[in-house]
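J.: Sequence:
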Amino acid sequence: KANDSTSASPPPKEVSYKLARNLAAGTMCGCFVVMTFNPLDCLRIRWQVEKTHRGVSLWEFSQKIIKKEGLWGGLWRPGLYANGAAASISVGTRMGIYPFLRDGIIKKLEHQTKHPGVMFIAGLLPGMFGYWVSTPLWQIKTRLQAETGLLVNGTYTTGACKGQKPTMIGLFDGLSRVYQQEGFLALYRGALPLMLRGGMMSSGQFLGYDFTKTNAKSYGLLRDGPLLHVLASCTAAFLSTTFAAPFDIILTRMQAAPALGIKYSGPIHCVQSMIKEEGVAVFYRGWTVFFTRVAPVFTVLMPLYEQVRCLFGLGYLD
1 KANDSTSASP PPKEVSYKLA RNLAAGTMCG CFVVMTFNPL DCLRIRWQVE
51 KTHRGVSLWE FSQKIIKKEG LWGGLWRPGL YANGAAASIS VGTRMGIYPF
101 LRDGIIKKLE HQTKHPGVMF IAGLLPGMFG YWVSTPLWQI KTRLQAETGL
151 LVNGTYTTGA CKGQKPTMIG LFDGLSRVYQ QEGFLALYRG ALPLMLRGGM
201 MSSGQFLGYD FTKTNAKSYG LLRDGPLLHV LASCTAAFLS TTFAAPFDII
251 LTRMQAAPAL GIKYSGPIHC VQSMIKEEGV AVFYRGWTVF FTRVAPVFTV
301 LMPLYEQVRC LFGLGYLD
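Going by the numbering used here, the first residue of the sequence shown is number 1, and it counts up by one from there.
Hints in this document: simulated from the structure, not taken from any laboratory. No residue lacks a Cβ here, since even glycine has one placed at the ideal position from N, Cα and C. Misleading hints may appear alongside valid ones.
Simulated pairs of lysine-lysine, DSS-like, Cα-Cα distance not exceeding 30 Å [stated by the list, open to error]: (1) Lys67 <-> Lys51; (2) Lys165 <-> Lys67; (3) Lys108 <-> Lys13; (4) Lys107 <-> Lys18; (5) Lys64 <-> Lys51; (6) Lys68 <-> Lys165; (7) Lys18 <-> Lys165; (8) Lys51 <-> Lys165; (9) Lys68 <-> Lys51; (10) Lys64 <-> Lys165; (11) Lys67 <-> Lys162; (12) Lys64 <-> Lys217.
Simulated restraints, written as ranges between beta carbons of each label pair [what the hints assert, rightly or not]: (13) Gln180 <-> Leu221: 52 to 58 Å; (14) Pro296 <-> Tyr316: 42 to 48 Å; (15) Gln181 <-> Gly266: 18 to 24 Å; (16) Trp59 <-> Gly279: 22 to 28 Å; (17) Gln180 <-> Thr155: 42 to 48 Å; (18) Gln180 <-> Tyr219: 53 to 59 Å; (19) Ile66 <-> His111: 48 to 54 Å; (20) Arg223 <-> Ile275: 44 to 50 Å.
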(Lines of atoms letter the chains of each structure in order from A and count residues from 1; the text may use other names and numbers.)
(Lines give C-alpha, C1' and ligand atoms only; values in the text may rest on other atoms or scores of the structure.)
Protein backbone atom coordinates (compact mmCIF):
# COMPACT_ATOMS: atom_id res chain seq x y z
CA LYS A 1 0.00 0.00 0.00
CA ALA A 2 1.00 3.57 -0.49
CA ASN A 3 2.53 5.49 2.37
CA ASP A 4 0.09 7.02 4.85
CA SER A 5 1.26 10.45 3.69
CA THR A 6 -0.67 9.92 0.46
CA SER A 7 -4.03 9.75 2.29
CA ALA A 8 -3.60 12.54 4.83
CA SER A 9 -1.38 15.49 4.08
CA PRO A 10 0.85 16.49 7.03
CA PRO A 11 1.67 20.16 7.66
CA PRO A 12 4.23 21.62 5.19
CA LYS A 13 6.67 22.32 8.02
CA GLU A 14 6.60 18.66 9.07
CA VAL A 15 7.13 17.51 5.47
CA SER A 16 10.11 19.88 5.10
CA TYR A 17 11.63 18.58 8.33
CA LYS A 18 11.23 14.96 7.21
CA LEU A 19 12.64 15.79 3.77
CA ALA A 20 15.69 17.45 5.35
CA ARG A 21 16.35 14.43 7.57
CA ASN A 22 15.94 12.04 4.66
CA LEU A 23 18.30 14.11 2.49
CA ALA A 24 20.84 14.07 5.33
CA ALA A 25 20.51 10.29 5.68
CA GLY A 26 21.00 9.74 1.95
CA THR A 27 23.95 12.14 1.74
CA MET A 28 25.82 10.68 4.70
CA CYS A 29 25.33 7.07 3.63
CA GLY A 30 26.08 7.79 -0.02
CA CYS A 31 29.36 9.56 0.71
CA PHE A 32 30.58 6.96 3.20
CA VAL A 33 29.74 3.90 1.10
CA VAL A 34 31.01 5.29 -2.22
CA MET A 35 34.36 6.28 -0.71
CA THR A 36 34.63 2.88 0.96
CA PHE A 37 34.13 1.09 -2.36
CA ASN A 38 36.16 3.52 -4.48
CA PRO A 39 38.65 0.76 -5.47
CA LEU A 40 35.88 -1.08 -7.35
CA ASP A 41 34.82 2.10 -9.14
CA CYS A 42 38.41 2.90 -10.11
CA LEU A 43 38.89 -0.67 -11.34
CA ARG A 44 35.74 -0.33 -13.48
CA ILE A 45 36.98 2.90 -15.08
CA ARG A 46 40.45 1.55 -15.77
CA TRP A 47 39.00 -1.65 -17.23
CA GLN A 48 36.82 0.40 -19.60
CA VAL A 49 39.54 2.75 -20.88
CA GLU A 50 42.62 0.54 -21.01
CA LYS A 51 42.69 -1.52 -24.20
CA THR A 52 45.73 -3.65 -23.38
CA HIS A 53 43.89 -6.12 -21.14
CA ARG A 54 42.11 -8.15 -23.83
CA GLY A 55 42.50 -11.84 -23.08
CA VAL A 56 43.15 -11.02 -19.42
CA SER A 57 40.50 -11.67 -16.76
CA LEU A 58 39.25 -8.89 -14.51
CA TRP A 59 40.89 -10.60 -11.53
CA GLU A 60 44.26 -10.79 -13.32
CA PHE A 61 43.90 -7.16 -14.38
CA SER A 62 43.26 -6.02 -10.80
CA GLN A 63 46.11 -8.11 -9.42
CA LYS A 64 48.46 -6.61 -12.00
CA ILE A 65 47.54 -3.10 -10.89
CA ILE A 66 47.91 -3.91 -7.18
CA LYS A 67 51.27 -5.63 -7.74
CA LYS A 68 52.74 -2.70 -9.68
CA GLU A 69 51.02 0.28 -8.06
CA GLY A 70 49.66 -0.95 -4.73
CA LEU A 71 46.03 -1.06 -3.59
CA TRP A 72 46.04 2.51 -2.26
CA GLY A 73 47.93 4.15 -5.12
CA GLY A 74 46.47 2.11 -7.96
CA LEU A 75 42.80 1.72 -7.01
CA TRP A 76 41.79 3.48 -3.79
CA ARG A 77 43.32 6.94 -3.90
CA PRO A 78 42.55 7.96 -7.53
CA GLY A 79 39.41 10.11 -7.57
CA LEU A 80 38.57 9.28 -3.94
CA TYR A 81 37.57 12.76 -2.74
CA ALA A 82 35.91 13.69 -6.03
CA ASN A 83 33.88 10.48 -5.83
CA GLY A 84 32.81 11.24 -2.26
CA ALA A 85 31.82 14.81 -3.11
CA ALA A 86 29.89 13.78 -6.22
CA ALA A 87 28.08 11.00 -4.36
CA SER A 88 27.10 13.35 -1.55
CA ILE A 89 25.13 15.39 -4.08
CA SER A 90 23.81 12.78 -6.50
CA VAL A 91 23.10 9.92 -4.09
CA GLY A 92 21.83 12.26 -1.39
CA THR A 93 19.46 13.93 -3.84
CA ARG A 94 17.91 10.78 -5.30
CA MET A 95 17.58 8.96 -1.99
CA GLY A 96 16.38 12.03 -0.16
CA ILE A 97 13.69 13.02 -2.67
CA TYR A 98 12.49 9.60 -3.87
CA PRO A 99 9.88 8.66 -1.22
CA PHE A 100 8.32 12.14 -1.22
CA LEU A 101 8.13 12.34 -5.01
CA ARG A 102 6.76 8.79 -5.22
CA ASP A 103 4.03 9.50 -2.67
CA GLY A 104 3.23 12.81 -4.34
CA ILE A 105 2.73 11.12 -7.72
CA ILE A 106 0.59 8.39 -6.14
CA LYS A 107 -1.60 11.01 -4.47
CA LYS A 108 -1.89 13.02 -7.68
CA LEU A 109 -2.94 9.94 -9.65
CA GLU A 110 -5.22 8.83 -6.79
CA HIS A 111 -3.67 5.37 -6.74
CA GLN A 112 -4.13 3.12 -3.73
CA THR A 113 -1.01 1.05 -4.35
CA LYS A 114 2.58 1.71 -5.39
CA HIS A 115 2.77 1.06 -9.13
CA PRO A 116 6.13 0.00 -10.66
CA GLY A 117 5.84 2.81 -13.21
CA VAL A 118 5.59 5.36 -10.40
CA MET A 119 8.65 3.86 -8.71
CA PHE A 120 10.55 4.11 -12.00
CA ILE A 121 9.65 7.79 -12.59
CA ALA A 122 10.20 8.77 -8.95
CA GLY A 123 13.70 7.31 -9.18
CA LEU A 124 14.45 8.65 -12.66
CA LEU A 125 13.78 12.37 -12.12
CA PRO A 126 15.79 13.05 -8.93
CA GLY A 127 18.52 10.80 -10.30
CA MET A 128 18.85 12.91 -13.45
CA PHE A 129 18.78 16.16 -11.48
CA GLY A 130 21.34 15.07 -8.89
CA TYR A 131 23.79 13.85 -11.50
CA TRP A 132 23.38 16.98 -13.61
CA VAL A 133 24.23 19.22 -10.65
CA SER A 134 27.30 17.12 -9.80
CA THR A 135 28.56 16.68 -13.39
CA PRO A 136 31.84 18.63 -12.86
CA LEU A 137 32.71 16.47 -9.84
CA TRP A 138 31.98 13.22 -11.67
CA GLN A 139 34.04 14.38 -14.63
CA ILE A 140 37.11 15.08 -12.50
CA LYS A 141 36.64 11.77 -10.70
CA THR A 142 36.52 9.88 -13.99
CA ARG A 143 39.49 11.68 -15.49
CA LEU A 144 41.63 11.11 -12.40
CA GLN A 145 40.80 7.40 -12.41
CA ALA A 146 41.15 6.99 -16.17
CA GLU A 147 44.63 8.48 -16.40
CA THR A 148 46.08 7.12 -13.18
CA GLY A 149 49.11 4.87 -13.11
CA LEU A 150 52.48 4.51 -11.45
CA LEU A 151 54.31 7.83 -11.51
CA VAL A 152 58.07 7.78 -11.97
CA ASN A 153 59.86 11.14 -12.30
CA GLY A 154 56.55 12.85 -13.07
CA THR A 155 55.55 10.46 -15.87
CA TYR A 156 53.10 7.56 -15.86
CA THR A 157 54.84 4.22 -16.40
CA THR A 158 51.64 2.15 -16.27
CA GLY A 159 47.98 2.62 -17.16
CA ALA A 160 46.11 4.09 -20.11
CA CYS A 161 48.32 7.21 -20.12
CA LYS A 162 51.65 5.42 -19.93
CA GLY A 163 54.44 7.74 -21.06
CA GLN A 164 52.42 10.91 -20.37
CA LYS A 165 52.47 13.42 -17.55
CA PRO A 166 49.42 13.89 -15.26
CA THR A 167 46.90 16.41 -16.57
CA MET A 168 45.65 17.21 -13.05
CA ILE A 169 46.38 16.51 -9.40
CA GLY A 170 43.33 16.07 -7.22
CA LEU A 171 39.79 17.44 -7.19
CA PHE A 172 40.31 21.19 -6.85
CA ASP A 173 43.31 21.26 -9.17
CA GLY A 174 41.26 19.34 -11.72
CA LEU A 175 38.30 21.74 -11.54
CA SER A 176 40.64 24.72 -11.83
CA ARG A 177 42.58 23.32 -14.78
CA VAL A 178 39.50 22.34 -16.78
CA TYR A 179 37.94 25.75 -16.18
CA GLN A 180 41.10 27.70 -17.10
CA GLN A 181 42.22 25.57 -20.05
CA GLU A 182 38.92 24.43 -21.56
CA GLY A 183 36.31 26.88 -20.28
CA PHE A 184 33.28 26.67 -18.01
CA LEU A 185 31.18 24.58 -20.40
CA ALA A 186 33.89 21.92 -20.44
CA LEU A 187 33.06 21.21 -16.78
CA TYR A 188 29.75 19.86 -18.05
CA ARG A 189 31.30 17.63 -20.71
CA GLY A 190 29.26 14.44 -20.82
CA ALA A 191 26.37 15.96 -18.86
CA LEU A 192 23.71 14.35 -21.07
CA PRO A 193 24.98 10.76 -20.84
CA LEU A 194 25.69 11.33 -17.14
CA MET A 195 22.11 12.49 -16.56
CA LEU A 196 20.77 9.50 -18.49
CA ARG A 197 23.12 7.11 -16.69
CA GLY A 198 22.25 8.62 -13.31
CA GLY A 199 18.53 8.63 -14.05
CA MET A 200 18.49 5.02 -15.28
CA MET A 201 20.69 3.89 -12.42
CA SER A 202 18.41 5.59 -9.91
CA SER A 203 15.21 4.26 -11.51
CA GLY A 204 16.64 0.73 -11.57
CA GLN A 205 17.73 1.08 -7.97
CA PHE A 206 14.38 2.14 -6.58
CA LEU A 207 12.24 0.02 -8.89
CA GLY A 208 14.21 -3.05 -7.85
CA TYR A 209 14.41 -2.15 -4.17
CA ASP A 210 10.95 -0.74 -3.52
CA PHE A 211 9.15 -3.29 -5.72
CA THR A 212 10.92 -6.21 -4.04
CA LYS A 213 10.23 -4.88 -0.55
CA THR A 214 6.60 -4.07 -1.30
CA ASN A 215 5.80 -7.48 -2.77
CA ALA A 216 7.77 -9.47 -0.20
CA LYS A 217 5.80 -7.78 2.58
CA SER A 218 2.50 -7.93 0.70
CA TYR A 219 2.72 -11.71 0.15
CA GLY A 220 4.05 -12.34 3.65
CA LEU A 221 7.37 -13.69 2.41
CA LEU A 222 9.58 -11.57 4.66
CA ARG A 223 9.14 -8.97 7.37
CA ASP A 224 10.61 -5.50 6.88
CA GLY A 225 14.11 -5.78 8.28
CA PRO A 226 17.82 -6.16 7.43
CA LEU A 227 17.41 -9.50 5.59
CA LEU A 228 14.77 -8.08 3.26
CA HIS A 229 16.84 -4.93 2.80
CA VAL A 230 19.85 -6.95 1.62
CA LEU A 231 17.81 -9.12 -0.75
CA ALA A 232 16.02 -6.09 -2.20
CA SER A 233 19.40 -4.41 -2.65
CA CYS A 234 20.55 -7.30 -4.88
CA THR A 235 17.53 -6.83 -7.14
CA ALA A 236 18.20 -3.09 -7.16
CA ALA A 237 21.84 -3.68 -8.17
CA PHE A 238 20.89 -5.97 -11.05
CA LEU A 239 18.29 -3.59 -12.54
CA SER A 240 20.41 -0.52 -11.91
CA THR A 241 23.42 -2.03 -13.67
CA THR A 242 21.38 -3.31 -16.61
CA PHE A 243 19.54 -0.02 -17.15
CA ALA A 244 22.62 2.17 -16.82
CA ALA A 245 25.44 0.10 -18.43
CA PRO A 246 25.23 1.53 -22.00
CA PHE A 247 25.20 5.12 -20.73
CA ASP A 248 27.97 4.35 -18.26
CA ILE A 249 30.53 3.34 -20.87
CA ILE A 250 29.55 6.25 -23.16
CA LEU A 251 30.04 8.61 -20.24
CA THR A 252 33.39 7.08 -19.31
CA ARG A 253 34.71 7.37 -22.86
CA MET A 254 33.55 11.00 -23.23
CA GLN A 255 34.89 12.23 -19.89
CA ALA A 256 38.16 10.32 -20.20
CA ALA A 257 38.72 11.38 -23.83
CA PRO A 258 40.98 14.42 -23.08
CA ALA A 259 43.25 12.34 -20.86
CA LEU A 260 43.45 9.65 -23.56
CA GLY A 261 44.13 12.09 -26.41
CA ILE A 262 40.77 11.41 -28.10
CA LYS A 263 38.36 14.07 -29.38
CA TYR A 264 34.61 13.57 -29.66
CA SER A 265 32.34 16.30 -31.03
CA GLY A 266 29.50 15.06 -28.84
CA PRO A 267 27.65 12.00 -27.52
CA ILE A 268 26.47 10.91 -30.99
CA HIS A 269 30.01 11.03 -32.39
CA CYS A 270 31.22 9.05 -29.39
CA VAL A 271 28.53 6.38 -29.91
CA GLN A 272 29.25 6.15 -33.65
CA SER A 273 32.98 5.77 -33.05
CA MET A 274 32.44 3.06 -30.43
CA ILE A 275 30.14 1.04 -32.71
CA LYS A 276 32.47 1.43 -35.70
CA GLU A 277 35.60 0.41 -33.80
CA GLU A 278 34.27 -2.15 -31.31
CA GLY A 279 30.75 -3.21 -32.33
CA VAL A 280 27.37 -2.85 -30.62
CA ALA A 281 28.35 -5.26 -27.83
CA VAL A 282 30.70 -2.58 -26.50
CA PHE A 283 27.77 -0.93 -24.72
CA TYR A 284 27.61 -3.83 -22.29
CA ARG A 285 31.35 -4.23 -22.08
CA GLY A 286 32.19 -3.99 -18.42
CA TRP A 287 28.68 -5.04 -17.25
CA THR A 288 30.23 -7.62 -14.95
CA VAL A 289 32.70 -5.21 -13.40
CA PHE A 290 29.95 -2.56 -13.18
CA PHE A 291 27.71 -5.03 -11.33
CA THR A 292 30.65 -6.15 -9.21
CA ARG A 293 31.02 -2.54 -8.13
CA VAL A 294 27.29 -1.72 -7.75
CA ALA A 295 26.15 -4.87 -5.91
CA PRO A 296 28.35 -4.54 -2.80
CA VAL A 297 27.72 -0.78 -2.72
CA PHE A 298 23.95 -1.25 -2.74
CA THR A 299 23.96 -4.15 -0.27
CA VAL A 300 25.73 -1.88 2.20
CA LEU A 301 24.15 1.44 1.19
CA MET A 302 20.47 0.55 1.35
CA PRO A 303 20.48 -1.37 4.68
CA LEU A 304 22.65 1.37 6.19
CA TYR A 305 20.29 4.03 4.84
CA GLU A 306 17.33 2.20 6.40
CA GLN A 307 19.06 2.15 9.79
CA VAL A 308 20.01 5.83 9.60
CA ARG A 309 16.39 6.66 8.70
CA CYS A 310 15.33 4.89 11.88
CA LEU A 311 18.00 6.74 13.85
CA PHE A 312 16.57 10.01 12.47
CA GLY A 313 13.05 9.01 13.50
CA LEU A 314 11.77 8.29 9.97
CA GLY A 315 11.38 4.53 10.21
CA TYR A 316 12.02 2.09 7.38
CA LEU A 317 11.31 3.18 3.82
CA ASP A 318 7.68 2.25 3.22
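J.: So, against the hints stated earlier in the document, which numbers end up violated here?
T.: 7, 12, 14, 17
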